[in-house]
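These are the residues of each chain, in order.
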Amino acid sequence: MAVKVLIPTPLRAYANKQQSVEVQATNAGEALKALTTQFADLKKHLYNEEGKLRSFVNVYVNDEDIRFAQKDATPVKDGDVVSIIPSIAGGR
Amino acid sequence: MTIAPLQISEELAARIRAHGIETYPHECCGAILGTDDSDRIVRDLMPLQNRRDDSPRNRFEVTPDDVRMAEKTATDKKLDLIGWYHSHPDAPARPSEFDREHAWPWYSYIIVSIQKGEPKDMNSWRLKDDRASYDQEPIALGAK
Numbered sequence: 001m002a003v004k005v006l007i008p009t010p011l012r013a014y015a016n017k018q019q020s021v022e023v024q025a026t027n028a029g030e031a032l033k034a035l036t037t038q039f040a041d042l043k044k045h046l047y048n049e050e051g052k053l054r055s056f057v058n059v060y061v062n063d064e065d066i067r068f069a070q071k072d073a074t075p076v077k078d079g080d081v082v083s084i085i086p087s088i089a090g091g092r
Numbered sequence: 093m094t095i096a097p098l099q100i101s102e103e104l105a106a107r108i109r110a111h112g113i114e115t116y117p118h119e120c121c122g123a124i125l126g127t128d129d130s131d132r133i134v135r136d137l138m139p140l141q142n143r144r145d146d147s148p149r150n151r152f153e154v155t156p157d158d159v160r161m162a163e164k165t166a167t168d169k170k171l172d173l174i175g176w177y178h179s180h181p182d183a184p185a186r187p188s189e190f191d192r193e194h195a196w197p198w199y200s201y202i203i204v205s206i207q208k209g210e211p212k213d214m215n216s217w218r219l220k221d222d223r224a225s226y227d228q229e230p231i232a233l234g235a236k
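Line by line, the protein sequences give chains A and B. For the first sequence, this note's numbering assigns the number 92 to the last residue and increments by one with no breaks. For the second sequence, this note's numbering assigns the number 236 to the last residue and increments by one with no breaks.
Be aware that one or more of the hints could be misleading.
As the list claims (entries may be wrong) - Quick list of simulated restraints, FRET-style, between CB atoms:
#, chain 1, residue 1, chain 2, residue 2, range
1, A, Tyr47, B, Asp157, 18 to 24 Å
2, B, Lys212, A, Thr26, 49 to 55 Å
3, B, Asp146, A, Arg54, 17 to 23 Å
4, B, Lys169, A, Gly51, 36 to 42 Å
5, A, Glu50, B, Ile113, 36 to 42 Å
6, A, Glu49, B, Lys212, 30 to 36 Å
Unchecked claim - Each computed DSBU-like pair below joins lysine-lysine, with the alpha-carbon atoms no more than 35 Å apart:
#, chain 1, residue 1, chain 2, residue 2
7, B, Lys170, A, Lys71
8, B, Lys208, A, Lys52
9, A, Lys17, B, Lys220
It should be emphasised that the hints constitute simulated quantities derived from the structure, not laboratory data. Backbone N, C-alpha and C fix where the C-beta goes; we use that ideal spot for every residue, glycine too.
Construct all of the structure, not just a fragment, from the sequences and the given hints.
Here it is in structure tokens:
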């Protein structure tokens, strides 16, 4: 399945300055894996040292947050759009 | 690495300080809208609600929905979402370990220190590519 992954502005420098990248995948996890295989420098900004998606990184298939769907196994089909949206967090 | 200054008008800098005073002793937060061409210039601010009801004195959170709304607002104004500001009540204007774990490079992170309700230092930070630490981004105050 050809899906489009939208690259958030802060991470475009690690994806050849592209706004979106088309990858082949059957679920959200595969789409992210294909993306980070193609652009390895993206990996550390999306995943922690244990290989888990960072807590502030949210992934959507179209408008659905994959954490509230089937997480990495959330299916994708031709033409779907995968978005990576941070929640902004911090504190003293 | 030398970082070019983040340019911000006195008026917009004053708005960040005022937001920090208003929410003290809780943390304030907001989006920074601007342009990022040869210079990075703050053009507008978007104060946001701190969603961390459980620990607002030492934590802030902007939800993904708020992030999308800030991105849309920036696009509508023909600006970019270039960063985020927040306050550190009774703490220095430098990123905490918690800040670092939740940051991305490229964004400008402005932190204003509010000591006993009074604004003190305001600094801007950019996370390094290796995520290990920040570079301080000088702030150039002045009308733009």
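Violated constraints from the hint list, given by number and in increasing order:
8
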